[in-house]
Amino acid sequence: MDPLALLCNLYAEGPSTLRILRRAGIRTLRNVLATNDWALAEILGTSPSSARRFAREAERLAETATARMFDLEESGDAFRCA
Amino acid sequence: MHVLALVNQKGGCGKTTTAVNLAAALSAAGERVLLVDLDPQAHATLALGCAIEDEPTVVDVLRERVTILETVQTAPGGVWLLPATAQLAEFEEEAARAIAPERALARTLEECRLAYDFAVLDCPPRTDGVLAANALRAADTALLVVESGTFALQGALRAIDVLARTAETLDRPFAVRAVGTMFDRRLRIARELLVGMHAQLGPILFDTAIRTSVRLREAAAAGVPVNVLDPAARAADDFRALAAEVRNHAGRERGAPLERWILAQPRRARAARRKPAREAPPPRRSPPRPASSESF
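Residue numbers (the numbering used here), protein chains in the order written: chain P, 33 to 114; chain G, 104 to 399.
The hints are simulated quantities; they were obtained by calculation from the structure and are not laboratory data. From a predicted model like this one, the values you see are computed outputs, not experimental measurements.
Partner residues aside, some chain G positions facing chain P, computed with beta carbon under 10 Å: (1) F286; (2) R294; (3) V298; (4) L304; (5) L308; (6) F309; (7) T311; (8) A312; (9) I313; (10) R314; (11) D340; (12) A347.
Derived Cβ-Cβ restraints for the label pairs, each shown as a range: (13) G57/P with L172/G: 45 to 51 Å; (14) S81/P with R320/G: 30 to 36 Å; (15) E45/P with E295/G: 17 to 23 Å; (16) E213/G with T60/P: 39 to 45 Å; (17) G305/G with S48/P: 22 to 28 Å; (18) R135/G with S48/P: 23 to 29 Å; (19) P80/P with L172/G: 54 to 60 Å; (20) L65/P with P334/G: 30 to 36 Å; (21) S81/P with P306/G: 30 to 36 Å; (22) G299/G with E91/P: 15 to 21 Å; (23) G299/G with S82/P: 23 to 29 Å; (24) E91/P with D274/G: 44 to 50 Å; (25) P80/P with L290/G: 25 to 31 Å; (26) R88/P with P306/G: 22 to 28 Å.
Which chain P residues stay away from chain G? Per the calculated CB distances, all over 10 Å, these: (27) I52; (28) R55; (29) G57; (30) R62; (31) A66; (32) G77; (33) S79; (34) P80; (35) S82; (36) R84; (37) A87; (38) R88; (39) E91; (40) A94.
Where is the CB? At the ideal position from N, CA and C, for every residue including glycine.
Okay, chain P solo, but in the shape it has when bound:
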């Protein structure tokens, strides 16, 4: 699952939000963080405060994902190609 899809499933309307974001050129969590709240609100069709909350969750998820990737690399415990 793409991290952006995970964000949309957890904190928005799942596939419809994912479609809207991708159509607007937002394809990664980094892209979400790089978009200002007003622009994000306009893309999502929500208030700037909701967009800010969405971006905050994206930030949190990005941090977790980075930490997890680091853990996996350290332990070598990632799924590998069979």
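Guided by the hints, dock chain G onto chain P, whose structure is given.
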């Protein structure tokens, strides 16, 4: 034809709901879809409002008395259904006396490979019986259906292990993908579980998580897929998105070799890869010249 087997050892995780609605969503996207009910409980047959009396069913196909094309019924949502009845349980018992009973479905599906774009197999809630063996032997992709509930992740990891071991014994490779179902983002446990699934299953997990919806229950009760009952429902949107991902996955699988994450490969193929490269074959002899008057 891409054969998709929906599996999980656990019952009540949304396999049948996913099979029926995914089949209908694929059909709505323009694909020719065969839905095979391989569960003796026949829930997929019931969910599509089909009442079976004396007509042949999937058990007759597995016994090779009739062909798939003689047995299929048209069902709501533009799906062709290979229905089941409780008689299917008898096939498990007969299988002990049959020769290679686990190959029956693959053989019969081969006959109608050109008639359909997708075959969606709704498997029984176990992976050790002859029905599941039939499904996995015929499958191009095993789609693991994982509900967003307690212990689901442990169950999913165990199921992936079982699938990988099953694939080792088959001559035919199949890819493993997973989809989350019964997701309710208002529940903290469901959110945590989805994050866990994302961490553990990574790229084998489809982007779409199927959300809980009353519409899904209403559709099953009405005997139609959710996109027929209410095309604007969010459940219908979820299955549309999942169908788009499945089509994309199937397209890639057709075009590229199955060389990706958690990819089941037969033991023979893997052993062949590990072997050192052979010596170059001796140069081919030039063919004898044709006899002609100018040859000397």
